[in-house]
Structures are given as structure tokens and as C-alpha cells.
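> Residue-level listing of the chains:
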Amino acid sequence: MAMTAVARETVFALRRQIAKIEGTLPERLAAPAAAPLDADVNTDLTIVRRGIAAALPDAFLPIGVQRFDAALSGGLPKAALSEIHGLETRDAGAVAGFALSLTSLILKQTPGLPVLWIGTSEIFREAGFPYARGLHASFGIGPEQLLFTEAPKLVDALWVAEEAARMTALAAVILEIRGNPQRLDLTATRRLHARAQAAGRPVFLLRQAAEPEPTAAPVRLIVASAPATPRDTIAGPLAGSIGRPAFTLTIGKSRTALPGQFTLEWNPDERAFDERWSEGRDRAKNPVPVVSLSGGGKDPAPASGAVLAFPALGSPISPAARNQPSRPQRAAHLGPRRAG
Amino acid sequence: MGIADARAMHPSIEIVEADPEADRRLLEGLADWCDRYTPLVALDGADGLFLDVTGCTHLFGGERAMLDDILSRFFHQGFDVRAGLAATPGAAWAAARFCGDRIVVSGEEEALLAPLPLAALRIEPSTRTSLESVGLRTAGAVMAAPRAPLARRFGALLLLRLDQALGRLDEAVSPRLPVAPLSVERHLAEPVTLTEDIERLVGMLAATLKTDLERRGEGARTLALLLFRVDGAVSRIAIGTSRPMREPMLIQKLFHERLAAIEQDIDAGYGFDLVRLSVLAAATFDMQQADLAGEVTDDGADIALFADRVRARLGEGAVLRPVAVESHLPERAVATIPFTEAPRRTTPPKKPDRLQAPPQTIFPPERPIRLFRSPEPIDVPATEMPEGPPLNFRWRRALYRVTRAEGPERIAAEWWREAASDPITSTRDYFRIEDADGRRYWLYRQGLYGNTQVPPRWFMHGVFA
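Protein sequence lines, in the order shown, are assigned to chains A and B.
Mapping of the first sequence onto the numbering used here: residues -4 to 335, in sequence order.
Mapping of the second sequence onto the numbering used here: residues 6 to 470, in sequence order.
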């Protein structure tokens, strides 16, 4: 780069100014192709990011995964239309699941507001109707927070979405559409985006079995299922079990992000995303079991004897230790006292 | 006389099959139209209408003017109508059928009925013939006869009808539609055809309605707009609101959506000359305190209005709300009901919802996030164990290879609901499976192996995130 630092600073300041006027996100400067994605080299990237974050601190919904948030320069825009694509109808579970986890994150910030899910009859017939019990169990969205609209025609669905997008009384609007209908063109998405911007609430456009096409949405994510990790138990991962839902995300379009692919795992208990760790790192992160083993269990782990301040099992028993009641005796001695 | 005889006498005769159902519909259409004179319109047999015009006549310039108006309007619509107006339904019935266009002043019923034949008394034909057989041929003769023998011989109905016609006993006319508690209307000298004009009229009528509603401390829950077309057709457009409403602008907005939705169904024809807005149901209206800036911030009101507008355009079931139902069958455990505003929660919920904490287990069973409306049958060629999950399956003509499976979770049918269902064939074993691409599904096998008559079948019921 031939520009001096001062000149670049001016350029960035001007860009921020333009972005503020236009209400859009500033474009990312093209990073040198040879440079690795490193904080030292990409000073320009950090400057841009800091610029947006400083100008609009509340404009982004952080996903909670550092690498992904950094790629999107702060997270998903909150007051905007976001496209979430699934390549096939059978991905409807993953697409809906990802949108719902985003909704769940939003509901953490705006608790109590309802979520409206609009779908055409076609998509609800093909991909299934949202099931409130599952939504509550996996995403913590209670049935009293859910509203559904089933529109027989796409025109009606778009109309309801436009009306809903400008309401501040809804936490989020999910519009689910199948395929590439002609009516959902640049104009229609622009209207949705403009209303979402005005209301400051997100609109998630779920598009099942659709080809990417030009829309007004600033971000397009392509979601597919990822094989789930096995369930974690005290004794290690349970073979053959299906653990937390996982998604493979591809950033299909973003004015600020570099293209990339991520595998995220949704944690339904904490209602937060984790990035999928490789097997080795996971173990290294958590070397000791968090929960202590139960003493009265059927098969106590052999290690539990070693940490006690008693002589090791192999050593000859000392006279003092002989006075100590043995394990079953202690239990029998404690039994009646508890009952009394 | 048969058709053949009639044709022999008049070869050019036109023969139309009797259609009582169509006649009935026509009469109901006429009754709808007569709503413009009074809200109390009742059907009378197959060929008559009762209009209770008590307190309405002055709106049309008196009884005579009203009767003339009814007759001339019906005449221009192509109906030959005969009308009678009296203080009792019985006398009016007789006047319309036997005198024609007569207005009977209260107290003159006896003079009207006396010369009329017995049919004017609305009695059974058998009673009539037996009365005639004893020489009582006119209503006056019956009136002159002693009452006790008449009642003994011809039954109580004869005297009841007589007393009702003479006004000695009250007779209620039961209107076919419930009477709206509040209703405002506007007669138009020049018929309107444009939807915008109708909407503007709705706004004006709603503004009139607002003062009445304010006086009663109520808001409208159900509103109906009646459009009377010049040629007699009546369109009835009803909307419902989630919370009591009296603001004219909002009412106009709701009718705007409704009219936009049914624009092609309403045929303005030559125009509407009477527009009426009625409140069919009202409820207590809670006043709300505005803040100093004069703004009432109430998210619930926004959502209620939004739901009303969507419903006005897309129909009653357009905005749905899920409710948890006590049932262990997955498809019954959640019901979706049309949006109604939940009662406002003033205190925090005391005990956790059942959904949050199922009583028996610490870990609630996994439930999918999408459920198919009806379980879709899948082909399962092989399972590792008879009772186990499938190794692969074919769903919607695509083959899926199962890599992992959890289950089974056995869910039995609700025997207390369906008495006839066989417990073996209706038992389901649910499996949560993951395919080679990482998609997670919810399958079940209906029925058990070893039951030779009905082999178990497999279904796809839902998808997980």
C-alpha cells in the first residue's frame, strides 16, 4: 500500500462520514491477498470495524463466537433484513433452527416481546409447522411469545411481513418462503429492509430451496446442518448419541465480511453459540470433570480413593486406620440417623 | 293437474321445477334488505316477512309514507308485494293478505277481522273446516260465539290466535338477526360505488358511533358494515377486534383492510344508497393514562391492532397463537388458536409452567422444532434389530442413510380418547436420527413387530434444528 497512514486515516474518516449519511455499513478495504488474517497486518480492517462500532454501538447482534463476529465486523446488523438460505427444503430444520437461535439471542435483549413467524401455506406444508414445545425446549421461546401467520399466497405473506416489519412491539419477524418467486425481488426486499431499519427490529428472511439472487439484504448466510457432536457425559462422550444442534454457516453476501465458513453449535441450556472445537482442544480445555463423582455410587472411580487423606489401599493398614469404620459400615451407621 | 295435461291445454307453457330452497334464499335476501327499515325483521312462513316498525316510522315520514316507500321500492325491484300495518302481528297479517295496503289503527282490529274469512285467523286447516261445518264462517262469527265451548271443542290455539290478533295477548316477533346494541346509518341521495367513498363513510359513521360508545363506557368488539345496494342486494361485512375499540380512524383502517381483501366479492352495481355501521358486540373500554408527551405506549395495543388488521384481510385464523395442551401425543400437545389477547399479567407467574419443568423427568424429552401436519409415510427397507432404528429409509423419493439414532421413546395412543383403536397397532416408537449430512429427523414406527396381521409402518413426523 502506497498511502501514508495519515492519508488512510482521512479516507476512513470520510468513509465513515458517508456511511453515516447513507445509513449503510462502510465497505471493507480490500486486504492484500498475500497477507494472512492477522490483527497486526490488517490494521485497516480493525480501523473500519472500530469505526462502525463507535458510530453505532447497538446496531449489531453479536453472535457470541469471536471469529464469526469479527468476520461480520461486529455481528449481524440488528435493524435490517437478513437472508438465511437453505439450499434444499430438507435443510428447513437447520435454517429455522439457526434463525430461531438468532431470535433467542435477540430475546435476551428484548425480553417479553413476541416473535412473529410468517410463512406461506406451501412452506408449512412442505417443511412442517413450527412446533412450540420444541421451540421452547431448544431455544427458550415460550408459546406466549410466539405468533404465527400462515398466508395462502406469497402476496399476503409479503404484506403481513411489511406491516410487521415496521412494528417495534415485535422482537423479530421471521418470513419464510420457498424457492425463488418473482414477487420477492429487489423492490420487495428493499421495502422490507427499509421498514426494518426504521423500526430497529430484525427481519429474518428464510428462503428454503432457493438460489441466491440480488436482494436488498445486507447479509446473506447459507445454512446447512452439521453432524452433531455426541452428548457429553461425565464418563466422556456418549457413543452414538446426538448432542447439541450444529450448523454450518457460509457467508454468502456481506458488504463488510470476507467470505468464510463456520461451524457453530447451539447451546440450548445457556442459549448461546459455541464454535465447534476440535476433539483435542475440547478435552484440553476441560481436563477435570466439573461435577464431582458421587460417593455412594455403584462403581466409584478408582481415583477417588487416592485423593483422600487416608493411607493408600495397597499399603499395610495402620492401627489408627483400623479403628475407622469401613465404607459399608459407615453407610449403615449413617442410615438410621438420617431416618430418625 | 299433471304437466302433460297443462301442456295439452297451453302448449307454450313454461315449466320450472319448484325450488323451495331458492325461494327461501330469496326471502332471506329480501329480509336482509328490509333491515333498512327496522332491525327487527322476522321470516313468516315461506312467503311473508314480519317487520316490527315500532318507533321507526317517523324516520320515514310516518306510517303511510313508510308503507308506500316499501311498496314502491319492492315494485321497482320487480316484486308484487302486499303489505298491512297494524298494532298486532295477527291483524297486520290479516290486513296484508285479505285487505291489501291497509293501515289499521290500534283498536280497530275487531272491525277489520269481523268480515274476514276464517283463514285470516292463522289457524290450522282442520280447525277451519270443523268450524265451517258448524256454521262459523267468518272471524266475526267466531268472536261472537261463547269462548268456553270454542276452547273445549276446537282447542286453545284458536282463542290464542284470536286474542293475539285483537291485542289482548302479546305476540313476540322473533327477529332473525340479533339486534345490534348500537347502530348508525346514513342515507345517501346519490348512491356511492367507490371503495374510497365507502371507507370515508365508515370513518364518518364511526365518529358518530364514538360518542355513543363513550357515553356507555364501552368499545366495540364486533362491528358490521351493511351496504344496501340500490337494487336490493345487501352486503354484510363484519370485523372483529382483539380489544375494545372506539377510535374512528382505527375502525376505518380495519374496514380498509377488509374491503381490500373482498374487493372482488363486492359488486357495487348501481351503487349503495344506505350505509349502516352496527356494533354487534361491545365490551368495557379501559381508559389509558397518556404520558406528558401525550403518547400512550402500549405494545399490546399495537400487536392487537396489527392482528386485527391481518385478520380483517386474511380471515379469522390468520394470526395464530400456540397453546400448550395436556397431552403426551406430540401432535396434540400444542394447539394453535386464533390470536386473542392474553389477559394482561399483573403479577409475575407464581409457579413455573409445566412446559418448563415436566414433573417426572429432569431432562425433558427432545422435541423437534418443526412438526409435519400429518406424519409422512417413509419406506424402511431394513433395521438392524426388529425393534431398533432404521439403517436407511426413503422419504419423498430420496434415500437417507442413518448414521446415528437415539431412542426409542414409546408413545402410546390415548385410549381414553379413541375407544376403538387397538393398543398394539397404534403404539409409536419414536427415534431421533441423524443422516449422513447431519440433518436430524424424528421418525416413528407405528405398531409392533410380531403382530402378524398388521406389519408396523414407519413415519416421518418432524425435523430437529
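Calculated from the structure, these hints are not laboratory results.
For each residue, glycine too, the CB sits at the ideal point set by N, CA and C.
There could be a bad hint or two in this list.
Every beta carbon over 10 Å from chain A, so not counted as near; a handful from chain B, in silico [to be verified]: (1) Pro44; (2) Cys61; (3) Val86; (4) Ala88; (5) Pro154; (6) Val197; (7) Arg226; (8) Asp304; (9) Thr408.
A short list of chain A residues far from chain B (calculated; beta carbon distances all over 12 Å) [claimed, not checked]: (10) Gln12; (11) Gln104; (12) Trp154; (13) Ala189; (14) Pro209; (15) Ala211.
Rough simulated footprint, nothing fancy, chain A against chain B, three-plus residues with beta-carbon under 8 Å [what the hints assert, rightly or not]: (16) 66 to 78; (17) 112 to 126; (18) 328 to 338.
> Are the hints correct? Go through all of them and say.
Evaluation of the provided hints:
no. : hint       : in the structure
1   : Pro44      : 35 Å, holds
2   : Cys61      : 41 Å, holds
3   : Val86      : 43 Å, holds
4   : Ala88      : 46 Å, holds
5   : Pro154     : 69 Å, holds
6   : Val197     : 26 Å, holds
7   : Arg226     : 20 Å, holds
8   : Asp304     : 4 Å, violated
9   : Thr408     : 7 Å, violated
10  : Gln12      : 32 Å, holds
11  : Gln104     : 15 Å, holds
12  : Trp154     : 7 Å, violated
13  : Ala189     : 18 Å, holds
14  : Pro209     : 28 Å, holds
15  : Ala211     : 23 Å, holds
16  : 66 to 78   : violated (count 0)
17  : 112 to 126 : violated (count 0)
18  : 328 to 338 : holds (count 4)
Hint check: violations occur at hints 8, 9, 12, 16 and 17; the rest are consistent with the structure.
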